[in-house]
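Let's have the full structure, built from the sequences with the hints guiding it.
If you read the sequence shown in the working numbering, its first letter stands for residue 7, the second for the next number, and so on.
FYI, nobody ran anything at the bench for these hints, they're computed from the structure.
Just so it is clear, CB atoms sit at the ideal spot from N, CA and C, and this is done for glycine as well.
Any given hint could be a false lead.
As the list claims (entries may be wrong) - Result set (DSSO-like, lysine-lysine): computed pairs, CA atoms no more than 30 Å apart in a straight line:
(1) 137 x 154
(2) 114 x 207
(3) 114 x 154
(4) 67 x 154
(5) 71 x 154
(6) 67 x 207
(7) 208 x 114
(8) 208 x 67
(9) 71 x 137
Stated by the list, open to error - With beta-carbon atoms standing in for the labels, derived distance ranges:
(10) 135 x 157: 45 to 55 Å
(11) 42 x 116: 17 to 27 Å
(12) 217 x 169: 21 to 31 Å
(13) 72 x 14: 11 to 21 Å
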Amino acid sequence: MPPNAPVLMEATRAIGYSIETAVADIVDNSVTANATQVHIMFFPVGNPYVAIMDNGDGMNKDEIKNAMRYGSKNPLDARALGDLGRFGLGLKTASMSQCRRLTVISKKCDEIIGAQWDLDFIESTNDWSLKLLNSDDVADIPHIGQLKENNTGTLVVWQALDRLSLGELNFDQIMGKYMDRVREHLSLVFHRYLSGEQGIKKVEILMNNVRLEPIDPFFIG
7 MPPNAPVLME ATRAIGYSIE TAVADIVDNS VTANATQVHI MFFPVGNPYV AIMDNGDGMN
67 KDEIKNAMRY GSKNPLDARA LGDLGRFGLG LKTASMSQCR RLTVISKKCD EIIGAQWDLD
127 FIESTNDWSL KLLNSDDVAD IPHIGQLKEN NTGTLVVWQA LDRLSLGELN FDQIMGKYMD
187 RVREHLSLVF HRYLSGEQGI KKVEILMNNV RLEPIDPFFI G
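Below you can see the structure in the form of structure tokens.
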């Protein structure tokens, strides 16, 4: 019997991700997809969200459905050099550790495909109800216009941010603190990509349109 969808998905949310490690997992995927630029957008007002968009290889319909499937990879399979994922859980568990609604939209070969996990919808259906988005659904997703301008790429959007103290009156200030933590963590973890170290493809990472600068943990640079 397949596991109960809402129970398993709620349980995997407890895997120990912080906001900064969750964002780093998504950026890992972008690097693996040969992105040269990653935009991270924090939007704290109205209906707050976090969005991560890259100009990587993008995914077609089958690829995006596989990427959204829990346990999409066999950990024993050989991986390509630079493939940072092993269990096929990073995108889902990292994202759902911070939000209740995960939307992934990707552009490849001039085709735009979108899929969404919505925990509230899953609880209402008690099933593995992955939503495949139609063109009207896609049009409502933040930053879709920017994705369309790219030849290829992927947009990940976190909404219903229940794990980020949404009930706080000063949520915009709290979001600012989260941004500081993410900025410092990414500048450290991805410092070799940010600096374009010899033998490593340079990747530009921007947070709310401000370019991240590398932090060398060994103070060599």
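Do the hints match the structure? See the list:
no., hint, verdict
1, 137 x 154, "holds (21 Å)"
2, 114 x 207, "holds (21 Å)"
3, 114 x 154, "holds (10 Å)"
4, 67 x 154, "holds (16 Å)"
5, 71 x 154, "holds (20 Å)"
6, 67 x 207, "holds (28 Å)"
7, 208 x 114, "holds (22 Å)"
8, 208 x 67, "holds (28 Å)"
9, 71 x 137, "holds (10 Å)"
10, 135 x 157: 45 to 55 Å, "violated (32 Å)"
11, 42 x 116: 17 to 27 Å, "holds (20 Å)"
12, 217 x 169: 21 to 31 Å, "holds (27 Å)"
13, 72 x 14: 11 to 21 Å, "holds (18 Å)"
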